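Protein chains: 2
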Amino acid sequence: MSKKVSMAVIRRLPKYHRYLADLLDKEIYRISSKELSEIIGFTASQIRQDLNNFGGFGQQGYGYNVEELYNELSKILGLDKSYNTIIMGAGNLGQAIANYGGFRKSGFKVKALFDVNPRMIGLKMRDLEVLDAEDVEKYIKEEDIEIAVICTPKDRAQETADKLIAAGIKGIWNFAPTDITVPSDVKVEEVNLSESLYVLSYMLNEGNLNK
Amino acid sequence: MSKKVSMAVIRRLPKYHRYLADLLDKEIYRISSKELSEIIGFTASQIRQDLNNFGGFGQQGYGYNVEELYNELSKILGLDKSYNTIIMGAGNLGQAIANYGGFRKSGFKVKALFDVNPRMIGLKMRDLEVLDAEDVEKYIKEEDIEIAVICTPKDRAQETADKLIAAGIKGIWNFAPTDITVPSDVKVEEVNLSESLYVLSYMLNEGNLNK
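Line by line, the protein sequences are chains A and B. In terms of our numbering, the first sequence opens at residue 1 and continues consecutively. In terms of our numbering, the second sequence opens at residue 1 and continues consecutively.
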């Protein structure tokens, strides 16, 4: 099994996982790489190459066993475990993420939201309490928190990350529109919504560029 | 000017734009491709190649004029215009997007939210009204709406997109965790939050994969 898989491959894995889940929902248990390719929109050779990074799963003349491949991808993606998660920043975005049902189903257990605003602290949002961001380090240690979601304003993101990391957090999902700097053993996944929106406006204007 | 720029290049453009804005904030008006490379984390040759897709901007021995490059990238990204925007789905995510200050600043003007829930319809969220999703087609035409953000549940995303497209929408920013099918003249940018989170859990588990 190769150790260093490229980010481009890694970013395609959740897509495979999602399509395989859809196939299982439809009670399809076996699929050729050609059929999978038609559904998912990658070439069959791309699919084989991607999966070969993890040992390869198809069998000549049989194709893929959907359930087996789904289960293997779940393991590869770390979805066979559960993760205690907290959200830093209890504004609309923090609340949206706290309530996003899909995460709970996949094993990401949001345990609490944290905020610096005294008017937010102590509020209950569905079954989650908003706690004082001052207390987050103690909470992370006591409640065995593994993942933190940063939904603070841009100018508080780095100090928030520093605090989280000092308390032992190894995984950060960053929604603040700024890069954060972390030690090499901490993993950060950034969701930059402005950048995504700019890609859309680029595409809307592409036809006019060389007029 | 080349017409077909690869998606990989396009996805890097907003990053250039953001870093150039930071440089202007710091009153830095001229930068070599080497210095830019150190800040942004792409190689100097990558930066030159990317920008060459749009004519190239650097001058031998001078480097880049930051303001000029920023303005050109703004045009390329379509950020020199403004876009009337609506949000389909007034839940937490829809509200979070409606309140995200960065969009307004960049010319994306959220005009209204739409929902199917009678308890939401008529509510005011800051200065935005929640309107009846039944009326969206009329609204799109009358208010000259160009971009729609889909924040509905997964199982309403396609029918919502169909309705928007029938009313003339050409740009869709889709947050529903499902692919939507659109005619070729409609541009869709997907934000799949689960897929992003799965990349984080992959990275957290990568070291254990071959144990």
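One should not assume that every hint holds.
Just so you know, same-sequence chains aren't split out, so a pair can sit in one copy or run between any two.
The calculated lysine-lysine pairs, modelled on DSBU-like cross-linking and capped at a C-alpha distance of 35 Å, are [to be verified]:
1) K26 with K124
2) K26 with K163
3) K141 with K26
4) K34 with K138
5) K26 with K81
6) K163 with K34
7) K124 with K4
8) K15 with K154
9) K34 with K111
10) K34 with K154
11) K34 with K141
12) K154 with K26
13) K34 with K124
14) K138 with K170
These aren't lab readings, by the way, just hints derived from the structure by calculation. These figures come from a predicted structure and were not determined experimentally.
### Message
Flag every earlier hint the structure violates by its number, smallest first.
### Response
Hints 1, 3, 4, 7, 9, 11 and 13 are the ones this structure does not satisfy, whereas the remaining hints hold.
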